[in-house]
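Visitor: Residue numbers (my numbering), protein chains in the order written: chain W, 2 to 309; chain L, 2 to 309; chain V, 314 to 582; chain Y, 314 to 582.
Hints listed in this document are in silico derivations from the structure and should not be mistaken for laboratory results.
A couple of the hints might just be wrong.
Unchecked claim - List of simulated lysine-lysine pairs, BS3-like, C-alpha gap at most 25 Å:
hint: 1; chain 1: V; residue 1: K449; chain 2: W; residue 2: K294
hint: 2; chain 1: L; residue 1: K149; chain 2: W; residue 2: K149
hint: 3; chain 1: L; residue 1: K18; chain 2: L; residue 2: K149
As the list claims (entries may be wrong) - Quick look at which bits of chain L chain W covers, simulated, 3 or more residues with Cβ under 8 Å:
hint: 4; stretch: 59-73
hint: 5; stretch: 127-139
hint: 6; stretch: 187-193
hint: 7; stretch: 203-209
Backbone N, C-alpha and C fix where the C-beta goes; we use that ideal spot for every residue, glycine too.
Chain by chain, the residues run as shown.
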Amino acid sequence: MQPRRSRRLTTEVAGLKLQNPTMLASGILGTTSDMLRRTAQSGAGAVVTKSVGLEPREGYPNPTVIEVECGLLNAVGLPNPGIHSFAEEIRSLEGLEVPLIVSVYGFSPEEYAEVAAVAVQAGADAVELNLSCPHVKGAGSDVGRNPKLISEVVKRVKDAVDKPVFAKLTPNASDIVELGEAAVEAGADALTAINTVRAMTIDVETARPILANKIGGLSGRAIKPIAVRCVYELYRVLDVPIIGCGGISSWRDAVEFILAGASAVQIGTAVASKGLDVFRLVAEGIESYLERKGYGSVKEIVGLSHRG
Amino acid sequence: MQPRRSRRLTTEVAGLKLQNPTMLASGILGTTSDMLRRTAQSGAGAVVTKSVGLEPREGYPNPTVIEVECGLLNAVGLPNPGIHSFAEEIRSLEGLEVPLIVSVYGFSPEEYAEVAAVAVQAGADAVELNLSCPHVKGAGSDVGRNPKLISEVVKRVKDAVDKPVFAKLTPNASDIVELGEAAVEAGADALTAINTVRAMTIDVETARPILANKIGGLSGRAIKPIAVRCVYELYRVLDVPIIGCGGISSWRDAVEFILAGASAVQIGTAVASKGLDVFRLVAEGIESYLERKGYGSVKEIVGLSHRG
Amino acid sequence: MRIVEVKAVKDENPNVRTLFFADDLCSSAKAGQFVMVWIPGVDEIPLTLSSIGSQSMDGFSSVTVAEVGEATRALKSMETGELIGVRGPFGNHFETISRSGRALVVGGGIGMASLMPLIDRLTMEGVETTVLLGVKSRRDLLFTERLSELSSRGGINLLVTTEDGTYGAKGLVTELAENVISSERFEIIYSCGPEAMMHKIFKIAEEHRIPAQLSLERIIRCAIGICGSCVLGPYRVCKDGPIFTSDQLRTVRDFGKFKRGFDGRKTPI
Amino acid sequence: MRIVEVKAVKDENPNVRTLFFADDLCSSAKAGQFVMVWIPGVDEIPLTLSSIGSQSMDGFSSVTVAEVGEATRALKSMETGELIGVRGPFGNHFETISRSGRALVVGGGIGMASLMPLIDRLTMEGVETTVLLGVKSRRDLLFTERLSELSSRGGINLLVTTEDGTYGAKGLVTELAENVISSERFEIIYSCGPEAMMHKIFKIAEEHRIPAQLSLERIIRCAIGICGSCVLGPYRVCKDGPIFTSDQLRTVRDFGKFKRGFDGRKTPI
Ligand SMILES: Cc1cc2nc3c(=O)[nH]c(=O)nc-3n(C[C@H](O)[C@H](O)[C@H](O)COP(=O)(O)OP(=O)(O)OC[C@H]3O[C@@H](n4cnc5c(N)ncnc54)[C@H](O)[C@@H]3O)c2cc1C
Ligand SMILES: Cc1cc2nc3c(=O)[nH]c(=O)nc-3n(C[C@H](O)[C@H](O)[C@H](O)COP(=O)(O)OP(=O)(O)OC[C@H]3O[C@@H](n4cnc5c(N)ncnc54)[C@H](O)[C@@H]3O)c2cc1C
Ligand SMILES: Cc1cc2nc3c(=O)[nH]c(=O)nc-3n(C[C@H](O)[C@H](O)[C@H](O)COP(=O)(O)O)c2cc1C
Ligand SMILES: Cc1cc2nc3c(=O)[nH]c(=O)nc-3n(C[C@H](O)[C@H](O)[C@H](O)COP(=O)(O)O)c2cc1C
Ligand code: FES
Ligand code: FES
């Protein structure tokens with residue numbers, strides 16, 4: 002069911018027009034054009050694809066995803082068909098009713114730029130740089146924990162594409178603001194915060210780490226207060242739109258991120274418990290909240306918790 | 002009720018003999034000799050005091066502690082009476098049946114050393130350096146996110162006292178192993194991992210951060226997979242005993258940390274839900290596990306998840 | 314933390330206001346339990362529930378606050394429609410006795426707040442109850458309607474003292490208590506008020522070998538028994554208390570003498 | 314992840330073993346649902362529940378595994394007393410029809426595993442059920458005792474084909490299905506087996522306008538509908554499936570033609 006459009010919910014992130022401030026987070030179902038279209042039709046204001054690199058990757062063996070007490074652990078290992086194959090999926094999304102953001106990773110700044118260029122050529126409305134996947138050596142957060150590398154990657158990508166570039170940051174850093182600053186100074190149009198938190202779980206009966214990769218990334222409810230803090234810290238200092246992500250499963254969570262400084266929010270893990278309806282439910286909840294509190298637009302409450 | 006002693010549970014951390022591998026975490030009830038004694042009598046194998054500095058501190062205004070969905074957020078702000086007043090409490094714990102570890106913080110390496118020296122003089126069996134409190138400017142993790150400062154603090158303290166020195170590390174770092182290495186190279190006898198994770202929560206009805214200090218530290222269930230990962234990473238590389246801490250509330254959690262590489266565990270937040278019995282319950286559960294699995298001593302399973 | 318709207322306010326006297334709100338958990342609280350009340354942007358402070366939803370006609374619970382500093386001033390000036398945060402209820406509660414017994418309730422000033430739900434309960438259970446209320450002066454009287462209604466219905470025997478004699482007997486409530494206890498037999502004494510007063514009540518109760526239940530105060534931060542700021546001997550006021558029995562207090566050396574400040578140092582009561 | 318002990322094993326044929334275990338959640342699973350089975354140190358793979366505790370006499374649930382690679386080899390060599398991890402049950406389930414109808418169940422090889430609890434259910438509900446089982450050769454027969462017991466009790470009408478004719482009719486089960494469907498009237502067709510086989514069954518069902526429910530396979534990682542590795546058109550096999558109706562499959566162009574590898578690229582079926 003397509004959610005009704007609402008003037009209150011309409012917003013903009015780095016030039017992308019969103020019918021509502023919810024987005025599908027990267028790595029969640031964004032592997033094929035069919036699933037991306039279905040997600041858009043379920044009510045997401047924008048969709049982000051699974052992270053794509055230059056070459057095809059099979060990812061790690063199972064177990065790759067495992068539920069823990071308060072969230073989800075994953076070390077999928079960035080499986081993807083490579084951008085040249087994925088360009089097919091992007092092209093077949095022409096006419097998608099919501100912005101299509103292609104998530105991109107690489108093992109070098111050049112790779113990031115090349116992948117981004119192909120993605121934009123194929124029709125991406127924006128690219129999100131995965132500077133934050135915590136479990137692939139040499140990519141993701143191995144790049145994204147280093148401000149200098151962030152800066153290089155963002156610059157290269159900005160040179161290579163003429164669409165908005167989002168930098169997705171890792172919380173596995175002693176200071177996320179430093180990472181955000183590097184991205185913004187290099188030209189990032191928006192920041193996405195956060196990717197998963199490095200974590201693991203060990204089964205006591207077999208005395209073995211459960212994930213095949215042993216260490217993975219924690220998402221879901223557990224990380225929400227960490228993610229809110231990251232958004233809050235970034236908003237305090239930086240002047241670009243921030244896309245909040247981490248443990249959002251209800252309108253209340255989404256509003257918390259928006260008050261912290263997020264212009265839009267991404268939802269990942271909650272799709273498991275709430276289904277694809279989560280986007281519509283969250284958007285409708287935000288709308289009721291705005292109405293009840295007397296706000297005319299979601300834009301009015303972005304960062305409101307910083308006042309007073 | 003004093004728990005029964007068990008040969009299986011007896012262990013040692015940096016020369017301290019423990020009747021069982023559970024300890025009271027710093028900042029949990031460890032403000033007075035009476036409460037520390039009660040905790041020891043409830044079954045903790047060792048007790049760590051609230052962190053103490055040179056001068057008295059009132060901490061932050063309320064709200065200082067607030068429950069979130071999967072854990073606890075706190076920004077208490079290191080209230081403490083100062084080591085000279087606290088030395089009184091330490092002295093009146095003479096004859097305590099379990100090791101007394103005094104947690105120490107400072108705004109400079111010299112301060113850490115001075116506080117540690119007074120603590121040991123008053124009777125501390127060991128000191129734990131709080132290099133990790135995430136919400137006091139200039140102390141805790143502001144020191145402990147910097148390997149050079151860690152090294153300086155540990156060296157100074159080691160020079161000042163002749164008792165074991167534990168370095169308590171922060172997870173708010175891009176690489177906790179780097180921090181652990183700095184501590185160990187400087188002479189730390191053991192590492193405690195982890196302190197709380199920087200986090201916050203915002204109330205949507207009032208659009209305000211709830212903690213008076215806005216940002217605080219997340220503890221409890223939410224951080225367990227993060228803490229297990231930290232212990233695992235430290236154990237993989239370093240050769241000192243590790244004390245696991247973060248979200249432990251059952252014997253299963255404790256065993257998970259021990260399998261990851263912890264020689265002992267600290268319990269904090271779970272005291273709220275399980276009461277002071279938690280130490281006895283966890284210790285008894287570890288014992289049943291060891292018995293069921295045919296191990297003669299808890300030492301046999303330390304780091305077992307790294308094999309194979 | 315639940316955010317609740319102030320549904321009604323009632324000024325008990327110039328310095329004391331009762332704030333009513335609807336909250337499910339508070340509705341099923343027990344007499345003597347407290348909540349942490351967040352005044353957004355100001356502070357969060359412990360306040361006893363002065364009425365409990367399930368026992369009140371409109372289903373509202375309430376806190377009653379006496380202005381002593383910044384947080385209580387802010388709270389006291391709150392009006393219907395404003396929002397506060399509530400955590401809890403926390404702590405243990407007053408244990409009532411069987412209806413054949415007789416109970417003495419001794420309240421000093423704002424301490425009466427924590428005794429009101431207890432008095433409701435005792436009268437409901439048909440326990441013969443004498444209530445002593447001590448305040449400084451006539452203008453400090455509080456819960457006047459609730460108490461006089463109970464009194465006129467014969468639910469309680471109410472005696473009031475003012476230090477200046479402007480209402481009821483002149484003098485300290487502890488003096489009145491001593492008289493009453495000497496002349497009548499009580500199975501139990503309940504009290505809440507300034508600690509010095511309660512210490513005196515405790516002494517009198519001990520002399521007459523009557524068990525007492527006293528509601529104490531210490532600095533509350535977490536309210537869930539972990540931060541250690543509310544300790545009193547081996548007890549946590551927030552979790553093991555706030556109600557302590559004379560059995561417990563007998564061995565607590567600090568009772569009536571020392572409390573701890575925000576930095577944990579002892580200061581005389 | 315629950316760790317369970319293998320309580321018993323049963324070799325169905327030289328290549329296929331059933332592992333029994335006790336697990337509450339699996340006990341209340343529905344026919345056609347699958348679990349993720351962790352073979353510690355090796356892999357985690359999706360396997361249909363081949364029996365469901367609540368429907369079996371000893372209360373055990375089971376998975377039945379055919380050796381095709383590393384994980385299935387490791388699992389197939391597991392003995393009583395060893396530990397496996399179980400997540401789930403996941404996915405949707407076969408929908409049964411009213412007892413007045415007649416059902417056709419078509420299984421190809423190990424695909425029979427997911428159909429066994431369905432057959433249990435259909436017979437329990439008194440639905441007249443014809444079961445077609447196709448395997449390569451006599452030595453590949455599986456669930457022999459369970460099927461022959463049902464058959465001899467008259468619960469099902471069982472017909473077997475082998476490609477080499479060493480047991481039952483010689484040929485492909487799809488050929489047999491075509492004959493059976495042409496000569497008898499069925500309200501529904503259920504099937505599980507190699508996708509090429511199921512595609513053929515789907516075609517036959519479409520021709521005869523009989524609704525079908527087919528159990529499909531794709532790469533499963535998360536099993537909870539978020540990772541996107543099991544997608545088939547707009548559906549997730551792990552969450553929207555594994556059972557799909559002909560209504561759904563009619564518009565899925567990849568069905569019977571393409572699947573996606575671990576890297577997400579399409580490969581022909
Ligand atoms: C279990 C309990 C129940 C209480 N019930 C009531 C009640 O029903 N009505 C009422 O008016 N008062 C009650 N109090 C006292 C009330 O909490 C204090 O008056 C209030 O916190 C003062 O805050 P302030 O900012 O106005 O004053 P401040 O100027 O900040 O402090 C004045 C004094 O109040 C006390 N105080 C301040 N903060 C705290 C705190 N966090 N915890 C404990 N004491 C504190 C200290 O003794 C302090 O010296 C109760 C206290 C406790 C511990
Ligand atoms: C919903 C579902 C139910 C299944 N039920 C059964 C069953 O009851 N009994 C049974 O024997 N088999 C079943 N399978 C197939 C079984 O999962 C594979 O045979 C098994 O994963 C092969 O693993 P391997 O390591 O032995 O082989 P590999 O050599 O790793 O792979 C062989 C082939 O198995 C498939 N496969 C491998 N890993 C996976 C995976 N994670 N998810 C899906 N397919 C995979 C791929 O097609 C691969 O090419 C089911 C599959 C699905 C999707
Ligand atoms: C199974 C899974 C796969 C993910 N894959 C990616 C990815 O490819 N690229 C990326 O940037 N983030 C990836 N993430 C991280 C999410 O986009 C998101 O940042 C994180 O899960 C926190 O949000 P959540 O709590 O709403 O899930 C993945 C998360 C999960 C759970
Ligand atoms: C209320 C509170 C106060 C704390 N105070 C301190 C402190 O003073 N010094 C310190 O090193 N850690 C302090 N901590 C951190 C704990 O010792 C522990 O590292 C953390 O809470 C994680 O463990 P847990 O999940 O078992 O609580 C505090 C934690 C809480 C919840
Ligand atoms: S207020 Fe924290 S222990 Fe009582
Ligand atoms: S296996 Fe992950 S979505 Fe189906």
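Visitor: Which numbered conditions among the earlier hints are violated in the structure presented, ordered from lowest to highest?
Guide: 1, 3, 5, 6
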